[in-house]
Amino acid sequence: MSKAVLALWHREIVRFLRDRPRLTGSLLQPVVFWLLFSGALHGSFKPGGMDYGEYFFVGTLAMITLFTAIFSTITVIEDRKEGFLQGVLVSPVPRSAIALGKILGGASLGLGLAVVFLALAPLAGVTLSFDRVVLGLGVLALLAVAVTGLGFALAWVMDSTAGYHGIMMLFLMPMLLLSGAFFPMESAHPVLAWVRFVNPMTYGVGALRHALQGEVAGVPSFAVCLAGTALFAVATFALGTFVVGRRRARDAA
Amino acid sequence: MSDAAAVVARGVGFAYGERLALRDVGFEVARGKAHGFLGPNGSGKSTLFKLLSTIVPMQQGQVTVLGHDLARDAAAIRRRLGVVFQSPAVDRKLTVRENLRYAGMLLGLGGRDLAARSDAMLAAAGLADRQRDRVEELSGGLRRRVEIAKCLLGRPDLVLLDEASTGLDPAARRDMWAVLKGQPGLTVLFTTHLMDEAAEADQLVLLDQGAIVAAGRPAELMRSVGGQVLELEAADPGALATELRQAFAVEGTVVEGVLRIEGERVHELVPRIMERCGDRVQRLQLAHPSLQDVFLKRTGKRFVATEPEPAPRKGRRRRA
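Protein chains in written order, with the working numbering: chain V, 1 to 253; chain L, 1 to 320.
Careful: at least some of the hints might be erroneous.
The following residues of chain V were derived to be distant from chain L, with all beta-carbon distances above 12 angstroms [stated by the list, open to error]:
(1) Q86
(2) G87
(3) L89
(4) A97
(5) G101
(6) V126
(7) M175
(8) S187
(9) V216
(10) A223
Below, a sample of chain V positions facing chain L; criterion: calculated Cβ distance under 8 angstroms [unchecked claim]:
(11) K3
(12) V14
(13) R18
(14) R22
(15) G83
(16) F84
(17) V88
(18) V90
(19) P92
(20) V93
(21) G138
Heads up, simulated BS3-like pairs for lysine-lysine below, C-alpha to C-alpha not over 27 angstroms straight-line [stated by the list, open to error]:
(22) V/K81 <-> V/K3
(23) V/K81 <-> L/K181
(24) L/K297 <-> L/K181
(25) V/K3 <-> L/K33
Please keep in mind that the hints were generated in silico from the structure rather than gathered at the bench.
The beta carbon of each residue, even a glycine, is placed where N, CA and C say it ideally should be.
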């Protein structure tokens with residue numbers, strides 16, 4: 001079982017590093033987004049009195065984990081189409097190992113890319129201590145597993161990458177937008193302010209803010225955020241293991 | 001026989017929603033033999049393959065694979081199974097060696113054992129000098145050999161091949177079979193729609209519309225039809241058929257531009273036909289009945305490719 005998980009995890013990493021356009025895009029997209037948003041809103045938007053570049057720095061980290069999760073789990077659909085998945089399904093590997101390998105692979109990529117971006121903190125004017133970085137990495141790892149588990153469960157039940165993109169725009173992007181990653185949500189319209197509390201990303205982003213920026217206004221307490229993120233990770237991981245355990249005629253392309 | 005059989009199937013039925021794909025299919029596969037399933041598209045052979053490879057759950061009937069019940073003990077079967085799918089199951093972005101390494105790890109192999117086993121399989125498949133190449137750089141025939149090497153990596157007792165030779169030229173197909181037959185004691189169960197490949201099987205099952213229409217050794221099946229088959233190629237086979245009917249009272253049928261005349265002593269017609277209309281006959285072939293003729297006799301229709309098997313539709317999906 002452990003060798004199977006290792007194999008699937010390692011394959012994710014190797015394929016990512018070998019795909020130059022994907023690698024380049026994954027490394028530069030967060031930087032470009034951060035530069036554009038913080039540059040454009042620099043003079044006009046100071047959430048909680050904070051410079052927007054600093055505010056969005058944490059949001060960008062959350063965005064990295066989500067986008068990486070999306071692009072790594074979309075390969076489930078490609079694996080199915082290309083036939084690789086069939087080979088895995090007829091091997092003696094427990095189905096849960098397939099979920100574990102794929103989710104840990106995607107989550108590792110997300111965490112790795114977040115670390116690269118985190119290294120740019122001084123350039124973004126964000127001061128980080130060693131303790132905060134350690135805490136932040138812990139939260140990022142948890143969040144990365146959570147969103148990759150979610151992406152994996154979605155991708156497993158989807159037939160097409162186009163369909164997955166549809167779900168991404170309709171469901172995953174709003175999750176990110178309403179999480180407080182891009183803008184604060186505490187004074188949003190009452191409906192959205194309520195939605196924010198059932199949005200698991202809120203807790204992930206909140207936990208990241210606590211870890212990297214200390215006590216911040218407008219988000220639930222660190223304990224609540226951390227518990228919410230952990231619950232998010234456990235739930236999506238369980239969901240991923242559940243969907244992969246079902247045997248269906250569709251699995252044979 | 002049953003004790004020694006690698007696969008025993010009884011009364012197997014399978015439906016995609018309301019469409020029956022397999023009806024009361026039963027057969028035995030002896031250990032160490034190559035057992036073929038021949039049928040046109042939509043005959044149910046791919047569905048049978050999906051069942052045997054444990055990818056889709058059993059619906060009806062009973063199947064024992066290597067002594068394990070397919071419905072209850074799929075995990076035990078998977079450990080002793082090698083599978084080659086119609087669509088390639090190798091990762092094109094990885095090298096040949098990497099594909100084998102990951103496949104071996106999925107089987108629980110590792111370290112020196114895996115390396116040695118990979119070396120042996122790469123050598124057997126003639127891929128040793130291509131092991132560092134990415135699979136996407138290989139030809140179709142070589143890719144198929146990677147599949148075969150991957151499928152034999154875990155020393156399976158039973159190998160399932162689903163139309164594995166589709167898209168391969170005859171030389172590549174021979175290569176593939178040479179590697180498989182080089183494995184002592186290996187049972188091979190394969191589906192095909194190629195007559196000459198099916199003729200190589202130790203035992204053969206002919207499928208049509210989800211049911212078995214004939215089973216036995218290919219040579220016996222062909223002998224069961226009896227007689228001879230004369231094939232004539234001409235610029236206008238229809239006109240030639242009419243002329244032969246009028247001149248010799250011979251009934252022929254035109255199939256895909258070839259005039260076919262079947263009968264017990266058809267060879268006696270050859271000199272007469274050549275004397276009368278030799279100038280119009282481009283090619284003439286006298287042969288014993290082929291599997292094609294077996295299929296025709298048992299089903300009353302030609303073995304022609306019809307529409308492919310429909311994919312199971314959404315909303316009608318059956319769960320395990």
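Verification of the supplied hints:
1. Q86: For V/Q86, whose nearest Cβ neighbour in chain L is about 5 angstroms away, the distance does not exceed 12 angstroms, so it is violated.
2. G87: 3 angstroms, violated
3. L89: 6 angstroms, violated
4. A97: 9 angstroms, violated
5. G101: 9 angstroms, violated
6. V126: Check passes; 36 angstroms lies beyond 12 angstroms.
7. M175: 25 angstroms, holds
8. S187: 43 angstroms, holds
9. V216: At about 42 angstroms from chain L, V/V216 clears the 12 angstroms cut-off, so the statement holds.
10. A223: 40 angstroms, holds
11. K3: 4 angstroms, holds
12. V14: 7 angstroms, holds
13. R18: Given a least distance of 6 angstroms, the restraint on V/R18 holds.
14. R22: At about 11 angstroms, which exceeds the 8 angstroms cut-off, the nearest Cβ of chain L leaves the hint on V/R22 violated.
15. G83: At about 4 angstroms, which falls below the 8 angstroms cut-off, the nearest Cβ of chain L leaves the hint on V/G83 intact, so it holds.
16. F84: 5 angstroms, holds
17. V88: 6 angstroms, holds
18. V90: With a minimum Cβ separation of about 5 angstroms from chain L (threshold 8 angstroms), the hint on V/V90 holds.
19. P92: With a minimum Cβ separation of about 4 angstroms from chain L (threshold 8 angstroms), the hint on V/P92 holds.
20. V93: Hint holds; V/V93 Cβ to chain L Cβ min 5 angstroms, cut 8 angstroms.
21. G138: 29 angstroms, violated
22. V/K81 <-> V/K3: Holds, at about 24 angstroms.
23. V/K81 <-> L/K181: 30 angstroms, violated
24. L/K297 <-> L/K181: 31 angstroms, violated
25. V/K3 <-> L/K33: 33 angstroms, violated
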